[in-house]
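K.L.:
Sequence:
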Amino acid sequence: MTIGADSIILPERRGAAGRLSDFFWRHPYALLAVLLGPPLLWLGVVYLGSLFALLLQSFFSIDDFSGLINYEFTLATYGQLLSETNLDIIIRTVTMAAVVTLVSALIAFPIAYYAARYARGKWKVLFYLGVMLPLWSSYLVKIYAWKLILAKEGILTWFFEKLNLLWLLDAWLAIPIVGGNSLSVSYTGTFIVFVYVWMPFMILPIQAALERVPVNLIEASSDLGGTPAQTFRHVLFPLALPGIVAGSIFTFSLTLGDYIIPQIIGSSRLFIGQAVYAQQGTAGNIPLAAAFTVVPIVIMGLYLWMAKRMGAFDAL
1 MTIGADSIIL PERRGAAGRL SDFFWRHPYA LLAVLLGPPL LWLGVVYLGS LFALLLQSFF
61 SIDDFSGLIN YEFTLATYGQ LLSETNLDII IRTVTMAAVV TLVSALIAFP IAYYAARYAR
121 GKWKVLFYLG VMLPLWSSYL VKIYAWKLIL AKEGILTWFF EKLNLLWLLD AWLAIPIVGG
181 NSLSVSYTGT FIVFVYVWMP FMILPIQAAL ERVPVNLIEA SSDLGGTPAQ TFRHVLFPLA
241 LPGIVAGSIF TFSLTLGDYI IPQIIGSSRL FIGQAVYAQQ GTAGNIPLAA AFTVVPIVIM
301 GLYLWMAKRM GAFDAL
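Quick note, in full-length UniProt numbering, the sequence shown goes up one by one and the last residue is 316.
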């Protein structure tokens, strides 16, 4: 009498639960489908379904007479994005996001480099606490705290006054585009808060990328006569580029879509997030709000495509 190999390895168990367990053991792909099915279904219905509905809404238009949505496919709503007012909103938002990303990278790189190369033991713990601690506090509390700091009667104005540099602050606020009555109602204040809030999302990816750079490569560059600038340009920066790109994805995309910071700290001129909120909530123009929402999606899609073409994701 011959005994099958399957029965020796795993004797067949009785009961529905036992037979079900045997079935999944012999068919692992079925088990994978059961485990991944619910989250993939949730992702497909809630996330991708809502994105598709959003994209569909952007191809409708609003009736100027009745204020009702006209459910006929048209590109007229996208044409409204090219009007002077709406195009100004898009350019203003993209410019702010680009400047915030660039300055965040410039500030984050030396901090991340120090943490990756020199911080050890308790100093590394303090580094992570210092970077992560702002993320643990309330988002609105941080913004309103900066509102008080940047106000005309705030601590920053008091600091400039004590240093006899109040004239410098007044001269900066007198500049038409970046200035205002105070830092709390200017693009400068909006920029400062954006950089502060999104800075951890830039520091941590750069620090992780720099920790993967072998020290012997930097030492070899120095042994071969490379100056610190040449070592940075040809060795350190290319190897740290994946972390910079990863951090820039966070800072750029989060700045593009944020509407709370410009609403609390900034001038009356809108950003994309504020325009979406105003068109959907106040004006009731859902097609135009949907069209505005598609703009950051398209911009980030192009950015990710260019980053992939540059090979920035190869080392991630």
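No lab work stands behind these hints, which were simulated from the structure alone.
There's no promise every hint is true.
[Stated by the list, open to error] Now the in silico label distances, taken between C-beta atoms and shown as ranges:
no.	residue 1	residue 2	range
1	D223	G49	52 to 60 Å
2	F237	G79	35 to 43 Å
3	A171	V125	36 to 44 Å
4	G49	F23	28 to 36 Å
5	G44	L20	39 to 47 Å
6	Y47	K122	35 to 43 Å
7	A278	P38	50 to 58 Å
8	L217	G44	43 to 51 Å
9	K124	L217	15 to 23 Å
10	I264	W158	19 to 27 Å
11	A53	G226	49 to 57 Å
[Unchecked claim] Keeping only pairs whose Cα atoms sit at most 20 Å apart, straight-line, the calculated SDA-like set for lysine to any residue is:
no.	residue 1	residue 2
12	K152	L168
13	K142	I260
14	K308	I260
15	K147	L102
16	K147	D170
17	K147	K124
18	K142	G154
19	K142	F250
20	K308	L102
21	K152	W136
22	K152	S268
23	K147	Y259
24	K147	Y113
25	K147	I264
26	K122	Y196
27	K124	V215
28	K142	I155
29	K152	I264
30	K124	K142
31	K124	L210
32	K147	L129
33	K147	Y196
Quick reminder that beta carbons are idealized off the backbone N, C-alpha and C, glycines included.
K.L.:
Evaluate each hint against the coordinates.
P.N.:
Tested hints:
1. Checked against the hint of 52 to 60 Å, the C-beta distance between D223 and G49 comes to roughly 58 Å, which is consistent with it.
2. Between F237 and G79 the beta carbons are some 42 Å apart, a value that agrees with the proposed interval 35 to 43 Å.
3. A171 and V125 have their C-beta atoms about 42 Å apart, which keeps the hinted 36 to 44 Å range intact.
4. For G49 paired with F23, a C-beta distance near 32 Å keeps the hint of 28 to 36 Å intact.
5. One distance hint, 39 to 47 Å for the beta-carbon pair G44 and L20, is violated here, with the actual separation near 26 Å.
6. About 41 Å separates the C-beta atoms of Y47 and K122, a value consistent with the hinted range of 35 to 43 Å.
7. The beta-carbon spacing between A278 and P38, approximately 37 Å, falls outside the hinted interval of 50 to 58 Å.
8. Evaluation of the 43 to 51 Å hint for L217 and G44 yields a pass: the beta carbon distance comes to about 44 Å.
9. Between K124 and L217, the C-beta spacing of about 22 Å keeps the proposed range 15 to 23 Å intact.
10. Take I264 and W158: their Cβ atoms lie about 21 Å apart, and the range 19 to 27 Å holds.
11. For the pair A53 and G226, the supplied restraint of 49 to 57 Å holds, since their beta-carbon distance comes to about 55 Å.
12. Simply put, K152 and L168 have alpha-carbon atoms about 14 Å apart, close enough for the 20 Å limit, and the pair holds.
13. This hinted pair checks out: K142 and I260 have alpha carbons roughly 12 Å apart, not beyond 20 Å.
14. Under the criterion of a C-alpha separation no larger than 20 Å, the hint pairing K308 with I260 is inconsistent with the structure, at around 31 Å.
15. Of the pairs offered as hints, the one joining K147 and L102 is violated, with about 23 Å between alpha carbons and a cut-off of 20 Å exceeded.
16. Straight-line distance between C-alpha atoms of K147 and D170 comes to about 18 Å, which keeps the hinted pair within the 20 Å bound.
17. Between the alpha carbons of K147 and K124 the distance comes to roughly 31 Å, so the proposed pair goes past 20 Å and is violated.
18. Distance check on the hinted pair: K142 and G154 sit about 15 Å apart at the alpha-carbon level, within 20 Å; holds.
19. At roughly 19 Å between alpha-carbon atoms, K142 and F250 fall within 20 Å of each other, so this suggested pair holds.
20. About 19 Å separates the Cα atoms of K308 and L102, which keeps this hinted pair within 20 Å; it holds.
21. With a C-alpha separation of about 28 Å, the suggested pairing of K152 with W136 is violated against the 20 Å cut-off.
22. Distance hint between K152 and S268 is fulfilled; the C-alpha atoms sit about 17 Å from each other, no more than 20 Å.
23. For the hint linking K147 to Y259, the alpha-carbon distance of about 15 Å falls within 20 Å, and the restraint holds.
24. Pair hint K147 plus Y113 does not hold up; C-alpha atoms about 31 Å apart against a cutoff of 20 Å.
25. Using a Cα cut-off of 20 Å, the hinted pair K147 and I264 holds, with the two alpha carbons roughly 7 Å apart.
26. Taking the CA atoms of K122 and Y196, the gap is near 24 Å; set against the 20 Å cutoff, the hint is violated.
27. About 18 Å separates the Cα atoms of K124 and V215, which keeps this hinted pair within 20 Å; it holds.
28. Between K142 and I155 the alpha-carbon distance is near 15 Å, which keeps this suggested pair within the 20 Å criterion.
29. For a cut-off of 20 Å, the pair hint linking K152 to I264 stands: about 15 Å separates their Cα positions.
30. With a C-alpha separation of about 25 Å, the suggested pairing of K124 with K142 is violated against the 20 Å cut-off.
31. Taking the CA atoms of K124 and L210, the gap is near 14 Å; set against the 20 Å cutoff, the hint holds.
32. Our distance criterion of 20 Å between C-alpha atoms is broken by K147 and L129, whose separation comes to about 24 Å.
33. Restraint check: the Cα-Cα separation between K147 and Y196 comes to about 13 Å, which is no more than 20 Å; the hinted pair holds.
This entry does not satisfy hints 5, 7, 14, 15, 17, 21, 24, 26, 30 and 32, going by the numbered hints stated previously.
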